[in-house]
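Given only the sequences and the hints, what does the whole structure look like? Please build it.
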Amino acid sequence: MTTDSLVPERRVASTTAMRQSRLSRGAALARLALRIGGRYAARSPHLLFASVERRGALRHDLALRSADEVAEELGSMKGVLMKLGQMASYIYEDMPATFRAAMSRLQQKAPPMTADLASSVILAELGEVPARVFAEWDPLPFAAASIGQVHRAITRDGRAVAVKVQYPGIARSITSDMRNVGLLRRIVGAAFPGLDVRSLVDELGERLQEEVDYALEAESQELFANYYDGHPFIRVPHVLPELSTSRVLTSELVSGASFEELFEWDQAEKDLAAETIHRFVFRSLYRLHAFNGDPHPGNYLFHRGGRVTFLDFGLTKLFTAEDLAPLVDAVRFLVFEKDYEAFRAALERAGFLRSGAPVSTDVVVDRFGQFYGTVLQDAPMTITPAYASAIVRRFFDARGPLAPYSDVPRAYVIMQRINLGLYALLGALHATGNWRRIAEEIWPFRNGPPSTPIGEAEARWEAAKAGQDRQKVLKN
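Read in order, the letters of the sequence shown are residues 0 to 475 in numbering that gives the first Met the number 0.
Just so you know, the hints here were simulated from the structure itself, not pulled from any lab data.
All of these numbers come straight from a predicted model, not from anything done at the bench.
Every residue gets a Cβ at the ideal spot worked out from N, C-alpha and C, and that includes glycine.
There may be inaccurate statements among the hints.
Unchecked claim - Label pairs and their calculated CB-CB ranges: (1) Ala324 / Leu122: 45 to 51 angstroms; (2) Tyr339 / Asn446: 47 to 53 angstroms; (3) Gln369 / Arg469: 38 to 44 angstroms; (4) Ala385 / Ala341: 53 to 59 angstroms; (5) Asn446 / Gly304: 23 to 29 angstroms; (6) Gln467 / Gln369: 39 to 45 angstroms; (7) Pro452 / Ser245: 39 to 45 angstroms; (8) Ala410 / Pro379: 44 to 50 angstroms; (9) Gly399 / Glu221: 40 to 46 angstroms.
Take a look at the structure:
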């Protein structure tokens with residue numbers, strides 16, 4: 000086996016080093032803003048005197064060229080800027096189509112660092128150049144993320160692996176990005192009408208600073224991999240600790256279809272994949288008490304029959320029983336007991352709503368109940384892009400009656416991010432399911448019976464896992 004057999008397509012690596020300082024990154028953003036502004040200014044006379052049809056074509060061309068330029072610039076700069084572009088491409092449905100299409104390229108095809116630069120990181124972290132560490136090494140990455148890129152390799156004992164190599168200087172770049180919010184807002188304002196980009200970038204920057212340590216990511220990935228070991232539909236690749244450090248993460252290599260390729264499959268396959276993603280998100284929360292907070296489509300690999308491989312655990316949040324208690328109460332009071340005052344009190348305990356806020360409970364239920372829309376009715380429901388987009392708009396609405404009195408507590412920031420991402424993904428798939436029945440299987444206060452074939456297989460896995468755990472306890 001060679002790495003050539005594992006590579007479907009090869010790309011030429013960029014020779015441009017990643018800009019790190021605030022001044023250089025800020026200057027790049029400023030130049031981008033000037034280029035785009037100048038292009039629109041130059042075309043203004045043509046737009047003024049053109050026919051309606053010609054005017055529309057000119058505007059489309061301007062938007063397309065500007066979107067491509069923004070995507071290329073954000074991809075080359077990595078860090079917060081690239082993460083923002085990734086997030087925008089799958090969460091914000093109201094983004095102009097040209098920007099959305101351009102940003103979606105950042106999910107898997109961001110500009111990589113040079114082969115020599117990646118090799119230097121391997122040398123510094125593992126003590127040898129890639130050719131000496133691995134039996135086979137592909138110098139061209141097959142995926143690029145916001146803080147690192149991934150190479151295919153074969154270990155000395157013949158295992159196919161994915162090696163994530165961190166971009167040199169990424170920590171400094173993240174810090175620089177946090178000081179360029181003003182310029183960033185000018186660049187992406189057209190793509191985010193109505194959003195507070197500053198708060199969004201602040202949140203992303205803080206989370207990215209936690210992702211820089213790959214040793215922490217390895218621990219999180221193994222937590223998920225061990226928990227889901229043997230699951231019939233959910234797979235998490237195991238880490239090779241002997242080939243991993245704080246800046247290099249080596250995992251089992253898994254092949255599968257991308258999110259874009261999933262769109263070519265029939266709707267039944269999309270529904271199965273959506274159910275598995277839904278189960279993974281909420282089983283991880285309610286049973287493992289952990290959340291993988293980076294749900295963009297590039298972090299999934301799809302297999303026929305509803306099997307999904309989950310990648311990238313750099314942004315993982317662990318929860319205590321105390322953290323989850325008010326969330327469980329909110330579900331119970333809203334969905335099952337219809338006790339809206341108790342639902343409001345649960346939100347106040349969690350910190351989502353200021354205690355004693357001068358708004359009616361009806362307004363509270365209307366504002367927060369939207370996030371439970373998929374489980375309020377015991378019936379199949381199709382999640383559409385419009386439904387997902389409406390949730391995102393209301394979440395970021397700073398003008399609603401609850402805006403002065405509501406917040407996202409720090410403990411739940413990542414949870415809200417993945418909830419929005421989950422709705423966006425399921426909406427893009429037009430996924431249909433009885434989400435209430437599926438959730439009842441997972442909620443610990445319900446423990447409902449299996450409601451789908453995937454649920455039946457998962458129940459058998461869970462029973463076998465419980466038996467294995469009991470045997471381990473007896474042996475000890």
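Taking the hints in turn, this is what the structure says about them:
1. Checked against the hint of 45 to 51 angstroms, the pair Ala324 and Leu122 passes, with Cβ atoms roughly 49 angstroms apart.
2. At roughly 25 angstroms, the beta-carbon separation of Tyr339 and Asn446 lies outside the given 47 to 53 angstroms, and the hint is violated.
3. Taking 38 to 44 angstroms as the suggested C-beta distance range, the pair Gln369 and Arg469 conforms, at roughly 41 angstroms.
4. Hint check: Ala385 to Ala341, Cβ distance near 31 angstroms, so the stated range 53 to 59 angstroms is violated.
5. Restraint check, Asn446 to Gly304: a C-beta distance of roughly 26 angstroms satisfies the suggested window 23 to 29 angstroms.
6. At roughly 40 angstroms, the beta carbons of Gln467 and Gln369 sit within the given window of 39 to 45 angstroms.
7. Pro452 and Ser245 have their C-beta atoms about 42 angstroms apart, which keeps the hinted 39 to 45 angstroms range intact.
8. Distance hint check: the CB atoms of Ala410 and Pro379 are about 33 angstroms apart, inconsistent with the given range 44 to 50 angstroms.
9. Hint check: Gly399 to Glu221, Cβ distance near 42 angstroms, so the stated range 40 to 46 angstroms holds.
Comparing the model with each numbered hint stated earlier shows that hints 2, 4, 8 do not hold.
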